[in-house]
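Trainee: Sequence:
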Amino acid sequence: MPPHPRPAEPFRRLARCAAGLVLAATTLTSLATPAHADHERLPSGRTLVSYVVEPGDTVSGLAVELHAWTAEIVSHNHLGRNGALQVGQRIEIPVVGKVGGSTQTAMWQHPDGDREKVRRVVAGAARNHGVDPQLALAVSWQESGWQMGLVSHADAVGAMQVLPSTGRWMEHYAGRPLELEKLGDNATAGVLLLKVLSRHTHRRTHKIGAYYQGLGAVRRHGLYDETRTYVANVEAIKRRLEAGRPPS
1148 MPPHPRPAEP
1158 FRRLARCAAG
1168 LVLAATTLTS
1178 LATPAHADHE
1188 RLPSGRTLVS
1198 YVVEPGDTVS
1208 GLAVELHAWT
1218 AEIVSHNHLG
1228 RNGALQVGQR
1238 IEIPVVGKVG
1248 GSTQTAMWQH
1258 PDGDREKVRR
1268 VVAGAARNHG
1278 VDPQLALAVS
1288 WQESGWQMGL
1298 VSHADAVGAM
1308 QVLPSTGRWM
1318 EHYAGRPLEL
1328 EKLGDNATAG
1338 VLLLKVLSRH
1348 THRRTHKIGA
1358 YYQGLGAVRR
1368 HGLYDETRTY
1378 VANVEAIKRR
1388 LEAGRPPS
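Going left to right, the sequence shown walks through residues 1148 to 1395 as my numbering numbers them.
Please keep in mind that the hints were generated in silico from the structure rather than gathered at the bench.
We treat Cβ as the ideally placed atom computed from N, Cα and C, and that holds for glycine.
The reader is advised that the hints may include incorrect statements.
Below, simulated DSS-like cross-link-like pairs (lysine-lysine); rule was C-alpha separation at most 30 Å, straight line [what the hints assert, rightly or not]:
hint: 1; residue 1: K1264; residue 2: K1342
hint: 2; residue 1: K1329; residue 2: K1264
hint: 3; residue 1: K1329; residue 2: K1342
Quick list of simulated restraints, FRET-style, between CB atoms [as the list claims (entries may be wrong)]:
hint: 4; residue 1: P1258; residue 2: S1191; range: 34 to 40 Å
hint: 5; residue 1: V1298; residue 2: S1222; range: 42 to 48 Å
hint: 6; residue 1: H1349; residue 2: A1218; range: 42 to 48 Å
hint: 7; residue 1: P1324; residue 2: T1376; range: 32 to 38 Å
hint: 8; residue 1: E1382; residue 2: R1346; range: 39 to 45 Å
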């Protein structure tokens, strides 16, 4: 059943990151200091933004969120071949364009800590499995409002509202057992389902609709009217997220 989450208010992550530029170096630990940042290799049109690594961050994820290039983050901060990050490490992100300018998409965090955690984990799972993070987040918001504690009348569980039978199906793709009551596994199951559905239907609306209606029913009957409404909602949420706006 579609949730009725409270409206979110935008929180600009870039403003928080940019504020870190004015921190005095004496207040930072040795871990929170960028090691051998290379200012000479950067092309023009970059704004350096200071950022402290948080749990779950990856270089590619930060590049997507903060409008930067993965290779530039790695080379500028000398992160090594694997681009490994450590929690608490301070790095400099070469943002493309001016922070806060018209060419920069504003990034934000959900003001509710629990929902923000869901947002980060779902987006991370999507990136790890090659699924559009904004699509996965839009589906999760439509399904649960980014809330893990929800169980539907049909026993769909968690942030991605995954049925137990679907969870068992996704275990074959995950290559391991999935505990749907755990946020990471729930996000993985939902993201993998989106990935599997994209292989079995070439129409974007049918991929989204099959998440709600079931692939077999979509193949036999097309999209039900209520499914069309679901698809329209997900697509509208996705557009808001892509524009750096809150989902509702």
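Trainee: Within 34 to 40 Å: is that where the Cβ-Cβ distance between P1258 and S1191 falls?
Mentor: holds (36 Å)
Trainee: Take a look at whether the Cβ-Cβ distance between P1324 and T1376 falls inside 32 to 38 Å.
Mentor: holds (34 Å)
Trainee: Would you say the C-beta atoms of E1382 and R1346 sit inside 39 to 45 Å of each other?
Mentor: Violated: the Cβ-Cβ distance is about 20 Å, outside 39 to 45 Å.
Trainee: How does the Cβ-Cβ distance of H1349 and A1218 compare with 42 to 48 Å: does it lie in that range?
Mentor: violated (32 Å)
Trainee: If you draw a straight line from the CA of K1264 to the CA of K1342, is it 30 Å or shorter?
Mentor: Roughly 22 Å separates the two Cα atoms, so the pair holds.
Trainee: With a cut-off of 30 Å on the C-alpha distance, tell me whether K1329 and K1264 pass.
Mentor: Measuring from Cα to Cα gives roughly 12 Å; hence the hint holds.
Trainee: Note whether the CB distance of V1298 and S1222 lies within 42 to 48 Å or breaks it.
Mentor: Since the Cβ atoms of V1298 and S1222 sit about 46 Å apart, the hinted range of 42 to 48 Å holds.
Trainee: For K1329 and K1342, compute the direct alpha-carbon distance and say whether it is at most 30 Å.
Mentor: Holds, at about 20 Å.
Comparing the model with each earlier hint shows violations of hints 6 and 8; every other hint is respected.
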